[in-house]
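*Asks:* Position one of the sequence shown corresponds to residue 1 (the UniProt record's numbering), numbered consecutively onward.
Hints were generated in silico from the structure; no laboratory data involved. Quick caveat, the model's predicted, so the values are computed rather than measured. Cβ atoms here follow ideal geometry from the backbone N, Cα and C, with glycine treated the same way. Heads up, some of the hints might be wrong.
No more than 27 Å apart at the CA atoms, straight line, and that leaves these computed lysine-lysine pairs for DSS-like [as the list claims (entries may be wrong)]:
id: 1; residue 1: K181; residue 2: K358
id: 2; residue 1: K479; residue 2: K468
id: 3; residue 1: K181; residue 2: K329
id: 4; residue 1: K247; residue 2: K290
Computed spacing ranges between beta-carbons, pair by pair [as the list claims (entries may be wrong)]:
id: 5; residue 1: Q292; residue 2: N473; range: 38 to 44 Å
id: 6; residue 1: A505; residue 2: N209; range: 46 to 52 Å
id: 7; residue 1: Q292; residue 2: V409; range: 52 to 58 Å
id: 8; residue 1: G440; residue 2: L312; range: 37 to 43 Å
id: 9; residue 1: G390; residue 2: K310; range: 21 to 27 Å
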Amino acid sequence: MRPFAITVVLSSIAAVALGAMVPRADKAPPHLLEVIRPEAANTNDTSPEGTVVRRFKLGTYFPLPSKKKTDIKCGIGKSAPKGNWDDANNDAKDHFDELNKSSESVKIDAGPRVCKQVYCTKGTGYWACNDTLRASVARQLASPRVQQRSYIAGRNLARATAAVARPALAGPAAQQVRGVKTIDFAGSKEDVYERADWPQEKLLDYFKNDTLALIGYGSQGHGQGLNLRDNGLNVIVGVRKNGKSWKDAEQDGWVAGKNLFDVDEAISRGTIVMNLLSDAAQSETWPAIKPQLTKGKTLYFSHGFSPVFKDLTHVEVPKDIDVILCAPKGSGRTVRSLFREGRGINSSFAVYQDVTGKAEEKAIALGVAIGSGYLYKTTFEKEVYSDLYGERGCLMGGIHGMFLAQYEVLRERGHSPSEAFNETVEEATQSLYPLIGANGMDWMFEACSTTARRGAIDWTPKFKDALKPVFNNLYDSVKDGSETKRSLEYNSQKDYRERYEAEMAEIRNLEIWRAGKAVR
Numbered sequence: 001m002r003p004f005a006i007t008v009v010l011s012s013i014a015a016v017a018l019g020a021m022v023p024r025a026d027k028a029p030p031h032l033l034e035v036i037r038p039e040a041a042n043t044n045d046t047s048p049e050g051t052v053v054r055r056f057k058l059g060t061y062f063p064l065p066s067k068k069k070t071d072i073k074c075g076i077g078k079s080a081p082k083g084n085w086d087d088a089n090n091d092a093k094d095h096f097d098e099l100n101k102s103s104e105s106v107k108i109d110a111g112p113r114v115c116k117q118v119y120c121t122k123g124t125g126y127w128a129c130n131d132t133l134r135a136s137v138a139r140q141l142a143s144p145r146v147q148q149r150s151y152i153a154g155r156n157l158a159r160a161t162a163a164v165a166r167p168a169l170a171g172p173a174a175q176q177v178r179g180v181k182t183i184d185f186a187g188s189k190e191d192v193y194e195r196a197d198w199p200q201e202k203l204l205d206y207f208k209n210d211t212l213a214l215i216g217y218g219s220q221g222h223g224q225g226l227n228l229r230d231n232g233l234n235v236i237v238g239v240r241k242n243g244k245s246w247k248d249a250e251q252d253g254w255v256a257g258k259n260l261f262d263v264d265e266a267i268s269r270g271t272i273v274m275n276l277l278s279d280a281a282q283s284e285t286w287p288a289i290k291p292q293l294t295k296g297k298t299l300y301f302s303h304g305f306s307p308v309f310k311d312l313t314h315v316e317v318p319k320d321i322d323v324i325l326c327a328p329k330g331s332g333r334t335v336r337s338l339f340r341e342g343r344g345i346n347s348s349f350a351v352y353q354d355v356t357g358k359a360e361e362k363a364i365a366l367g368v369a370i371g372s373g374y375l376y377k378t379t380f381e382k383e384v385y386s387d388l389y390g391e392r393g394c395l396m397g398g399i400h401g402m403f404l405a406q407y408e409v410l411r412e413r414g415h416s417p418s419e420a421f422n423e424t425v426e427e428a429t430q431s432l433y434p435l436i437g438a439n440g441m442d443w444m445f446e447a448c449s450t451t452a453r454r455g456a457i458d459w460t461p462k463f464k465d466a467l468k469p470v471f472n473n474l475y476d477s478v479k480d481g482s483e484t485k486r487s488l489e490y491n492s493q494k495d496y497r498e499r500y501e502a503e504m505a506e507i508r509n510l511e512i513w514r515a516g517k518a519v520r
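Build out the structure end to end from the sequences listed, making use of the hints.
*Replies:* Structure below.
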């Protein structure tokens with residue numbers, strides 16, 4: 001199965017996929033999608049006029065969503081403009097002066113002499129940019145089914161298409177700014193909360209009287225904690241003194257006695273207690289933590305596991321505090337990397353208990369503060385059910401099971417390890433899955449041969465019919481607490497680490513992954 005030659009289309013889709021999944025700008029022209037990629041990591045340069053500016057590559061589109069005049073200047077080279085415009089730049093400036101009177105999108109084009117940088121006054125409009133698109137590709141990108149998906153998809157597609165230059169990474173100050181939107185998800189409308197409602201200044205003001213006590217410094221603790229710190233909030237870390245997490249935190253710049261404390265001290269200082277310990281550890285430490293959650297504090301989770309399955313975890317929250325959740329849809333490492341790239345991860349948020357009447361607002365604000373670009377409302381129950389179900393299904397367990405089944409059949413039928421791995425894993429992860437991430441399953445089908453398409457369409461219902469009973473059993477096992485009980489029992493054993501390492505070694509030593517290591 002070989003994808004067709006689709007270099008031109010992929011080059012444009014790659015530029016789109018480099019952003020997090022976002023809706024398009026209101027009233028944006030067909031060629032414009034919200035892909036905000038500042039060219040330089042330092043986006044707070046100051047021009048001679050004292051204007052805070054952002055820098056973008058020339059040849060990009062900027063939507064001007066209001067009638068307010070936007071001061072846009074085009075400067076040559078990497079230095080800030082000094083107010084001296086040559087003929088080409090004057091043409092560009094005149095062009096902007098005219099178009100700034102309307103809400104049209106403008107394309108920066110200084111004639112034969114193209115500027116290397118564009119300096120835009122901060123705060124005067126929403127900016128979006130992408131490489132100049134050919135008309136046919138632009139029409140495709142304007143299709144409602146085209147959305148910006150995942151970091152992995154964008155990264156892989158960008159690697160595959162030399163036509164798209166890789167933008168420089170942007171720091172937190174260069175994050176996109178967008179508004180709140182109601183989006184139609186396949187006929188069901190949902191409000192999507194965007195960080196446009198919570199610029200950094202508003203976050204700082206909202207949390208000015210709060211101390212965020214982040215308990216645990218594992219994957220999520222690390223990612224969320226550093227993002228909170230970079231956003232300027234008063235955040236402290238609470239972990240076991242001189243343990244591994246303590247040392248990890250010190251390496252990341254947390255200072256003992258200043259913003260790094262043992263767990264009890266951190267909780268006593270915190271007004272918002274962010275419990276980011278592992279699920280098993282939350283259950284084990286709850287008897288010591290609960291008495292310190294006094295009236296007026298807020299308890300924050302990134303997973304609904306402990307309070308939802310309280311009969312098993314014994315995490316019965318106090319009745320006089322707000323209890324909220326923000327669950328990033330990715331690992332803590334991804335939370336951190338997307339934040340550093342100026343984008344943001346998709347997250348869900350929920351309220352378990354609202355004593356103050358402000359719990360939902362607080363959850364959204366914290367979601368933005370930890371690095372979320374888009375927030376989707378859910379409940380604690382739905383978050384934990386879907387999360388456990390997905391991890392055991394298509395995200396991890398199910399996909400690994402399918403990989404193994406297909407690989408083993410190919411080997412049993414006489415195919416070599418390299419061929420079996422390439423046809424099972426390599427082509428999927430390196431070629432096809434990025435296409436799904438960029439633009440959906442039908443896009444991936446269309447990128448493949450007619451023979452491949454016919455077979456995939458014919459066999460899809462057979463796999464669905466065979467697998468659906470398994471997925472129903474899985475969901476029941478999650479909902480009735482069986483998966484939670486299994487997890488708590490296994491992960492609480494004294495030899496958990498040794499048993500886990502043995503299981504990982506068994507996976508690493510499977511022929512499929514040993515073959516894969518050689519292939520890659």
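*Asks:* A separate judgement is required for each hint: does it hold in the structure or not?
*Replies:* For each hint, the structure was consulted:
no., hint, verdict
1, K181 <-> K358, "holds, 21 Å"
2, K479 <-> K468, "holds, 16 Å"
3, K181 <-> K329, "holds, 19 Å"
4, K247 <-> K290, "holds, 26 Å"
5, Q292 <-> N473: 38 to 44 Å, "holds, 40 Å"
6, A505 <-> N209: 46 to 52 Å, "holds, 50 Å"
7, Q292 <-> V409: 52 to 58 Å, "holds, 55 Å"
8, G440 <-> L312: 37 to 43 Å, "holds, 38 Å"
9, G390 <-> K310: 21 to 27 Å, "holds, 22 Å"
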